[in-house]
Amino acid sequence: MKKHFFTFLIIFITSYVGAQTTVSGVKLDETITVEGKKLVFNGAGTREKWWIDLYVGSLYLPKKSTNGTEVVNSTEMAAIKLDVVSGMVSSEKMMSALDEGFLKSTNNNIEPIKNDIVKFKSFFNEKFKKGDSFTFANVPGTGVVVYKNGVKKGSVDGQNFKKALFGIWLSNNPADKDLKKSMLGM
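The numbers in the sequence shown follow numbering that gives the first Met the number 0, run straight up by one, and end at 185.
Derived by calculation from the structure, the hints in this document are not laboratory data.
Since the model is a prediction, treat every value here as computed from it, not as a measurement.
It is possible that part of the hints are untrue.
Said to hold, decoys possible - Taking lysine-lysine and the DSBU-like style, the derived pairs with C-alpha atoms no more than 30 Å apart in a straight line are:
| hint | residue 1 | residue 2 |
| --- | --- | --- |
| 1 | 152 | 36 |
| 2 | 180 | 48 |
| 3 | 26 | 113 |
| 4 | 62 | 26 |
| 5 | 126 | 62 |
| 6 | 63 | 126 |
| 7 | 128 | 37 |
| 8 | 120 | 151 |
| 9 | 48 | 113 |
| 10 | 147 | 92 |
Stated by the list, open to error - Now the in silico label distances, taken between C-beta atoms and shown as ranges:
| hint | residue 1 | residue 2 | range |
| --- | --- | --- | --- |
| 11 | 72 | 130 | 28 to 38 Å |
| 12 | 37 | 102 | 28 to 38 Å |
| 13 | 117 | 141 | 17 to 27 Å |
| 14 | 21 | 108 | 35 to 45 Å |
| 15 | 108 | 28 | 13 to 23 Å |
| 16 | 130 | 106 | 27 to 37 Å |
| 17 | 110 | 149 | 27 to 37 Å |
| 18 | 139 | 49 | 30 to 40 Å |
| 19 | 72 | 180 | 16 to 26 Å |
Note that CB positions come from ideal geometry on N, CA and C, so glycine has one too.
Construct the entire structure; sequences and hints are all you get.
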């Protein structure tokens, strides 16, 4: 009996250690390292439109949190990752969705970060394709650093911009309430 118990325990521990979360076919790492800082997987979900999965949004933090307001307002390292799962996601559609998201997350007051939004959107001029991955990392002292498929595209300084960007997914008026809940691990 002891032999079976220890075999089961070894199999359970091995499967748990190597566990990855998969959402809409995207395998998400339990930890990521951004700018030398390790972040833990907090949660992930799918952004849908008309029953079509568009992208998987995932949140990585220094420690897990279910409080969107705290994450949005935090000055700590944090990252939102978007993995495109549909060929219907284009640069133009993403720009339109970002415009709408910034308006919602700032309560229609984008004027203070208008130039930051223009700079941020300039990182998305290249054509999008299914399988592309974007990471928006808040890096203290640097601002929001943008990566496409692991390649650094640039950064936008300013806590107000970070709050507006993260607010697109995590504010009290998010782009998608179900996605927010999933990213917060709720």
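List, from low to high, the hint numbers that the structure doesn't satisfy. Going through the list in order, the structure violates hints 3, 5, 6, 15 and respects the others.
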